[in-house]
Amino acid sequence: MATNNVLSIGEIREAGVCVVTLAGRIDSTNAGEVMTRLKSLIAAGEKSIVVDLGGVSYLTSAAFRALLVATDEAERTAAKFALCGLTGHVRELFEMGGLLELFTIHPSRQEAIAQGGDK
Amino acid sequence: MSKPATTRKPANIVYGLEDTPPMLVTVMNGLQNVGVIAINLVYPLLVFRALNLSIDAVASLLSAGMLVLGVATFLQALRLGPVGSGFMCPATFSATYLAPSLLAARSGGLALVFGMTIFAGMLEAALAPFLNRLRAIFPPEVSGLVIFMIGLSGGIAGLRSLLGTNAAPVPPTEWIVGILTLGTMIALNVWGKGPASMFCALIGLVAGYIASSVTGLIDSHVMSAVATTPWIGLPAIHLERSFDLAMAAPFAIASLATAMKAAGTITICQKMNDADWVRPDMKSITAGVLADGASTVLAGVAGALGTNTSTPAVGLAAATGVASRKVAFAVGIIFILMGFLPKLPALLGLMPRPVVVAALLFAVSFVMINGLQIMTSRLLDSRRTVIIALSTIAGIAVEVFPSISASAPPGLRPVVGSSLVLATVFALGLNLLFRIGVKKTATLRIEDAAPDPDKIGDFFQTQGAKWGARPDVIKRAAYGTIQLIDAVAEGCWREGPIVVAVSFDEFNLDVRVSYNGGQLLFPDERPSLEQIRGSEDGAQLLAGFMLRRNADRVRSESAEGQSRVLFHYVH
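Residue numbers (the working numbering), protein chains in the order written: chain A, 1 to 119; chain B, 120 to 690.
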């Protein structure tokens, strides 16, 4: 739990999809940063966003709220918004919050890109 | 925490729980399971033999027993409301009930055996929801000892009932047949491969029957009685039931032991069917133990001995990779059909004495070793050593010196008269005594609500390693604490330090978080999407909801501006 817990946000473009990679810990101290970044991408007219959580060590309810607000924003602008890289403990946290059905989730980044962020 | 809605099938499982194997695979696996379970028919056989019943009567009772096993297997595999784990976990007769049933048979005949069996089943069903809380009273050293004593007392009781109290001299022919039967079972078990090893007990029984018939141990008029038994018939139900308070202790202990074993077998089923298995799912365990108890009640009603989940059958499913519930249905149907074929139980009913002894010794060996493995599954410190050693000696003393029971005050005889009961009472008493001073506590102060999650995580990991706590439980507790403090610091905290006090006593991990500020809510239902998105309060409610699901129990209280949250984790 002690290593690589600082939040890092990366962004790459693959096959017309904007892939946002999140790594480290996301809690109330930095969830706002994630929300702002995602909202600004949507506001900039991004139509297909995939958030890769593969590098996330854990997230708290503040992080879930940030992702749900971004999902809402994407729906408003008819943009596709999906998650991938949910494994182990992070997936367990989504299950714990009963949140799996609230997001479009792909098993891998490749599949998410192939679907263009859609289900 | 709740179980994932869907489970991922492990790589070694060919046909998972909800898969439908081809008909031939289903039937063959069903027959294999019946073959593995068949050896345990020796337990009711011993009890009925102890009462000198006729072969017809024994056959009829065994038929009813087979029907019970069939229905019990269905009950476990189906999910009828709160009853049944839904797993391929067939029922079998259990060594656990052998010694108490022999005791009841001698004291009050079949009526008492069946009456007490109903009592034991009802008790097991009643205990099902409380199994988690009983773990502190029955740690592995105590439950292992109980299982070991079940094997030991069952073996001794069986031998005594066959050979008489003074172990009358055994004719050489019987020695030869007995050694041949047991030797076949052991040889195939140790050196056999595939089906030969899997069906070693069944093959040994067949070898014993052949040897008995060659040496004249099965007399011809008995054989002709079997020959005249019809192929198809209805089992007769023995209707009388009675209850004796003096028998309550041995049956209650047997009931507890079967509940613990059923919980263990269902945990194996959970692991076998879920590649991502993390921890036991108490919901399916409770439902499974409830089905196990209901099956024992049914056994008492129908005229059979208490039943239990069959661990070897579950082991067979793991070995073959066929864990489908459809196989359980096949096992159930085969047993029910066998219940209507009187020739088979009649053949079992005439099992010669040396074959019964061999089968009994072979079966209880595994029970005893299972008990030893459970006892030694944890480091045997001085506390556990004393519990195991003194309780075993107490139990064996009853078998070696029957005068202990005869000279005991009448009120104490139910306890002192049975090696199983006395050993269990000793182990329970010593365990409770030695729990004094077991609890350990550690505290972490977080100044000014500026939590460092790494520091909290390290605190839990360090304490967990020091106390020998399970890493998965420590991880949950650490996450719960980090999430709680994150939410509290964001919306509830007013001033002063946040204090985290963690206590551990082998079976319970309790985390108490105290701070000056308002209470966080822990809703049972997830807040709506609108609530979560709408404001920060939504994230707080979601935190509370997740924390409720993360811990096994959550308590929150507030007085004079000071709030406290208690998370309880079962260890």
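Read the hints as simulated data drawn from the structure, not as lab findings. It should be emphasised that the depicted structure is a prediction, and the values quoted were computed from it without experimental measurement. Worth double-checking, as some hints may not be accurate.
What the hints assert, rightly or not - So the derived label-pair ranges between C-beta atoms look like this:
| id | chain 1 | residue 1 | chain 2 | residue 2 | range |
| --- | --- | --- | --- | --- | --- |
| 1 | A | Glu101 | B | Gly228 | 27 to 33 Å |
| 2 | A | Gly116 | B | Asp567 | 22 to 28 Å |
| 3 | A | Val6 | B | Leu150 | 57 to 63 Å |
| 4 | B | Thr562 | A | Ala78 | 49 to 55 Å |
| 5 | A | Ala78 | B | Ser647 | 22 to 28 Å |
| 6 | B | Gln650 | A | Ala78 | 22 to 28 Å |
| 7 | B | Ala394 | A | Ser8 | 28 to 34 Å |
| 8 | A | Ala15 | B | Asn251 | 56 to 62 Å |
| 9 | A | Val6 | B | Leu499 | 33 to 39 Å |
| 10 | A | Ala114 | B | Asn635 | 50 to 56 Å |
| 11 | B | Gly313 | A | Gly16 | 51 to 57 Å |
Each residue gets a CB set at the ideal place from its N, CA and C atoms; glycine is no exception.
**Q.** Whether the CB-CB distance between Glu101/A and Gly228/B falls inside 27 to 33 Å
**A.** violated, 59 Å
Q. Is the distance from the Cβ of Ala114/A to the Cβ of Asn635/B consistent with 50 to 56 Å?
A. The hinted range 50 to 56 Å holds for Ala114/A and Asn635/B, with Cβ atoms some 52 Å apart.
Q: Determine whether the Cβ-Cβ distance between Ala15/A and Asn251/B falls within the hinted range of 56 to 62 Å.
A: violated, 50 Å
Q: Hint says 22 to 28 Å; check whether the CB-CB distance for Gly116/A and Asp567/B agrees.
A: violated, 47 Å
Q: May I ask you to test the hint 49 to 55 Å on the CB atoms belonging to Thr562/B and Ala78/A?
A: This hint holds: roughly 53 Å between Cβ atoms.
Q. So does Ala394/B sit 28 to 34 Å from Ser8/A, Cβ to Cβ?
A. holds, 30 Å
Q. In this structure, is the beta-carbon distance linking Gly313/B and Gly16/A contained in 51 to 57 Å?
A. holds, 56 Å
(Q) A range of 57 to 63 Å was offered for this pair. Does it hold for the Cβ distance of Val6/A and Leu150/B? (A) The hint (57 to 63 Å, Cβ to Cβ) holds, given that Val6/A and Leu150/B are roughly 60 Å apart.
Q. Taking 22 to 28 Å as the hint, is the beta-carbon distance of Gln650/B and Ala78/A inside that range?
A. About 24 Å separates the Cβ atoms of Gln650/B and Ala78/A, which means 22 to 28 Å holds.
Q.
Holds or violated: the 33 to 39 Å window for the beta-carbon distance between Val6/A and Leu499/B?
A. Roughly 45 Å apart at Cβ, these two residues miss the hinted range, so it is violated.
(Q) Is 22 to 28 Å respected by the C-beta to C-beta distance linking Ala78/A and Ser647/B? (A) holds, 23 Å
Checked against the numbered hints given earlier, this structure breaks hints 1, 2, 8 and 9; the rest are met.
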